[in-house]
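Next come the chains, spelled out residue by residue.
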Amino acid sequence: MNKEKIILIGGGGHCRSVIDVIEAEDKFDIAGIIDKQELIGSSVLGYKVIGCDDDLQLLIKDIKNAVITVGHLEDNSLRVSLYKKLKNIGFTLPTIISPLAYVSKHTTIDEGTVIMHQALINANVKIGKNCIINSKALIEHDVTVENHCHISTGSILNGGVIVKSNTFFGSNATSKQYSNISGFVKAGSVFK
Amino acid sequence: MNKEKIILIGGGGHCRSVIDVIEAEDKFDIAGIIDKQELIGSSVLGYKVIGCDDDLQLLIKDIKNAVITVGHLEDNSLRVSLYKKLKNIGFTLPTIISPLAYVSKHTTIDEGTVIMHQALINANVKIGKNCIINSKALIEHDVTVENHCHISTGSILNGGVIVKSNTFFGSNATSKQYSNISGFVKAGSVFK
Amino acid sequence: MNKEKIILIGGGGHCRSVIDVIEAEDKFDIAGIIDKQELIGSSVLGYKVIGCDDDLQLLIKDIKNAVITVGHLEDNSLRVSLYKKLKNIGFTLPTIISPLAYVSKHTTIDEGTVIMHQALINANVKIGKNCIINSKALIEHDVTVENHCHISTGSILNGGVIVKSNTFFGSNATSKQYSNISGFVKAGSVFK
Numbered sequence: 001m002n003k004e005k006i007i008l009i010g011g012g013g014h015c016r017s018v019i020d021v022i023e024a025e026d027k028f029d030i031a032g033i034i035d036k037q038e039l040i041g042s043s044v045l046g047y048k049v050i051g052c053d054d055d056l057q058l059l060i061k062d063i064k065n066a067v068i069t070v071g072h073l074e075d076n077s078l079r080v081s082l083y084k085k086l087k088n089i090g091f092t093l094p095t096i097i098s099p100l101a102y103v104s105k106h107t108t109i110d111e112g113t114v115i116m117h118q119a120l121i122n123a124n125v126k127i128g129k130n131c132i133i134n135s136k137a138l139i140e141h142d143v144t145v146e147n148h149c150h151i152s153t154g155s156i157l158n159g160g161v162i163v164k165s166n167t168f169f170g171s172n173a174t175s176k177q178y179s180n181i182s183g184f185v186k187a188g189s190v191f192k
Numbered sequence: 001m002n003k004e005k006i007i008l009i010g011g012g013g014h015c016r017s018v019i020d021v022i023e024a025e026d027k028f029d030i031a032g033i034i035d036k037q038e039l040i041g042s043s044v045l046g047y048k049v050i051g052c053d054d055d056l057q058l059l060i061k062d063i064k065n066a067v068i069t070v071g072h073l074e075d076n077s078l079r080v081s082l083y084k085k086l087k088n089i090g091f092t093l094p095t096i097i098s099p100l101a102y103v104s105k106h107t108t109i110d111e112g113t114v115i116m117h118q119a120l121i122n123a124n125v126k127i128g129k130n131c132i133i134n135s136k137a138l139i140e141h142d143v144t145v146e147n148h149c150h151i152s153t154g155s156i157l158n159g160g161v162i163v164k165s166n167t168f169f170g171s172n173a174t175s176k177q178y179s180n181i182s183g184f185v186k187a188g189s190v191f192k
Numbered sequence: 001m002n003k004e005k006i007i008l009i010g011g012g013g014h015c016r017s018v019i020d021v022i023e024a025e026d027k028f029d030i031a032g033i034i035d036k037q038e039l040i041g042s043s044v045l046g047y048k049v050i051g052c053d054d055d056l057q058l059l060i061k062d063i064k065n066a067v068i069t070v071g072h073l074e075d076n077s078l079r080v081s082l083y084k085k086l087k088n089i090g091f092t093l094p095t096i097i098s099p100l101a102y103v104s105k106h107t108t109i110d111e112g113t114v115i116m117h118q119a120l121i122n123a124n125v126k127i128g129k130n131c132i133i134n135s136k137a138l139i140e141h142d143v144t145v146e147n148h149c150h151i152s153t154g155s156i157l158n159g160g161v162i163v164k165s166n167t168f169f170g171s172n173a174t175s176k177q178y179s180n181i182s183g184f185v186k187a188g189s190v191f192k
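Chains as they are written, first to last, in full-length UniProt numbering: chain Z, 1 to 192; chain F, 1 to 192; chain B, 1 to 192.
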């Protein structure tokens, strides 16, 4: 089967994790990575940096799909502006789901969101656009995650939680049931 | 194959998670949900509330299996009394195990206990009756969990721990090896 | 297929977990356990204690593979000295990987290291010799774990972390990205 091509926007550490997910999913053919001008020609896990932001207008003639592989720690403004730019140019931002993750069929996940290895999305969950649901994160029943959020590695959103747009929910953090979360939540903390 | 029918006792958030597990396990046919009188006719993930507690005597003529889908946070008295009532009427309370969970073959799990998605039960473990081993919980080697306990989402019982009956072990809590646990353990805490 | 034989060095709690992994992996035939003289003839999950350390010189004539199944809590000196002894005698110390774990193909794992159930080793990771990567541990992209470390149950090493030799990283502990870790890290703590 001919797989559709995809380009990856950002060639850092999170990119390596996403490459691993895309390879495992085996649904897209990674055509290359977009990063800074001076990195063109270098490679990440064997995939070449083929251009910088200025080349996106040209690249879309050949490649319809893109995934943002820039991380999101304190600040997600770069991910948000990339999302807008890619949409404006006309890229499709597919949902990428690791085959090692579990996503309940009673759940909706919006465009540009990536579900990493061994994440678990339980029943009656809604996840917005351009989110990272990172490795081993657990999203319990009835949770809503709005747009541009990063639910970090191994963190737990318990039942009925609402996570507002642009939230960073730290690695191994835990939320109480039915809480409302926004802003920056520290790694390992308990949010009530 | 004709699957056996099962009814679910309690139609809240935990019920939605258990429905997801029963559907994934594909062993039982969900015949409906038991909840308050005024909810009869409403539905949960597409399954109808078909009766209230008073109807159980009649329903058992057609449906032999029941699973308690009421949650257990501070207080498990409702789960315990439902367990006794269902046993008195004559229901079978099967063990429900997510196909996404791992249960060592060197382990015993008693009736009415539900093992949720991506939980891991290691070797030489004993789990009692009417427990919830919630999503992504980890029960290490040589642990004993007595009856009517809730081992919450993503929590970790390390090797040799004993959990006394009626314990609530909070989400993402961690126990030291060979500790004795009872009562209420807070989310995210470390129990020594 | 004839599986190669392996002996297990140490018959305690961690041994039971490793037996479960070896049985699930179905690659080796457990020929028996090495423990104290007075335990010879007793058994662990159905496998006999067949000798003590003094018998290793003889046993290698028939059995080429060994795995250290002594645990590592505060102190790993026993695991380190056993490693040296087994290497001196000439045993092969294979890498044991649970089929329930995920190990990225962009990763290297050295001899004598055991990857327990539902552990996740992401892309571009290097793991040294004689380590325990315990149940549900998460090792993110670009991490280095040196020799003789124990990454405990459910703990999280975030991207780019370096873990120095002989480290104990406690159960459910979390590390910040790109930190340098050595010594003893407490269960449930956040390492910055």
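If you're looking for bench data, these hints aren't it; they were derived computationally from the structure.
Among these hints, one or two may not hold up.
As a list, the in silico DSS-like pairs of lysine-lysine whose alpha-carbon atoms are at most 27 Å apart [said to hold, decoys possible]:
#: 1; chain 1: B; residue 1: LYS164; chain 2: F; residue 2: LYS176
#: 2; chain 1: Z; residue 1: LYS192; chain 2: B; residue 2: LYS186
#: 3; chain 1: B; residue 1: LYS164; chain 2: Z; residue 2: LYS192
#: 4; chain 1: B; residue 1: LYS192; chain 2: F; residue 2: LYS176
#: 5; chain 1: Z; residue 1: LYS36; chain 2: B; residue 2: LYS164
#: 6; chain 1: F; residue 1: LYS176; chain 2: Z; residue 2: LYS48
#: 7; chain 1: F; residue 1: LYS192; chain 2: Z; residue 2: LYS105
#: 8; chain 1: Z; residue 1: LYS186; chain 2: F; residue 2: LYS192
#: 9; chain 1: B; residue 1: LYS85; chain 2: F; residue 2: LYS192
#: 10; chain 1: Z; residue 1: LYS105; chain 2: F; residue 2: LYS176
Derived coverage of chain F by chain B (criterion: at least 3 residues anywhere in the stretch with Cβ under 8 Å from a Cβ of chain B; other residues may be distant) [as the list claims (entries may be wrong)]:
#: 11; region: 31–40
#: 12; region: 99–113
#: 13; region: 117–130
#: 14; region: 153–163
Cβ pair distances, simulated, as ranges [claimed, not checked]:
#: 15; chain 1: F; residue 1: GLU4; chain 2: Z; residue 2: ASN88; range: 52 to 62 Å
#: 16; chain 1: F; residue 1: LYS64; chain 2: B; residue 2: GLY46; range: 32 to 42 Å
#: 17; chain 1: B; residue 1: GLU25; chain 2: Z; residue 2: ASP26; range: 19 to 29 Å
#: 18; chain 1: F; residue 1: SER43; chain 2: B; residue 2: GLY183; range: 23 to 33 Å
#: 19; chain 1: Z; residue 1: ASP54; chain 2: F; residue 2: LYS48; range: 56 to 66 Å
#: 20; chain 1: F; residue 1: ASP26; chain 2: B; residue 2: GLY41; range: 57 to 67 Å
#: 21; chain 1: B; residue 1: TYR178; chain 2: F; residue 2: GLY46; range: 17 to 27 Å
#: 22; chain 1: B; residue 1: LYS186; chain 2: F; residue 2: PHE184; range: 56 to 66 Å
#: 23; chain 1: B; residue 1: SER77; chain 2: Z; residue 2: SER165; range: 30 to 40 Å
#: 24; chain 1: Z; residue 1: GLU38; chain 2: B; residue 2: LYS192; range: 40 to 50 Å
#: 25; chain 1: B; residue 1: GLU25; chain 2: F; residue 2: TYR178; range: 41 to 51 Å
#: 26; chain 1: B; residue 1: GLU25; chain 2: F; residue 2: THR108; range: 17 to 27 Å
#: 27; chain 1: B; residue 1: LYS186; chain 2: Z; residue 2: ASP75; range: 40 to 50 Å
#: 28; chain 1: F; residue 1: LYS64; chain 2: B; residue 2: GLY90; range: 10 to 20 Å
All residues carry an ideal CB built from backbone N, CA and C; glycine is no exception.
Okay, which hints does this one fail, numbers in order? Of the numbered hints given earlier, those the structure breaks are 3, 5, 6, 7, 9, 10, 11, 18, 20, 21, 22, 23, 24, 25, 27 and 28, listed in rising order.
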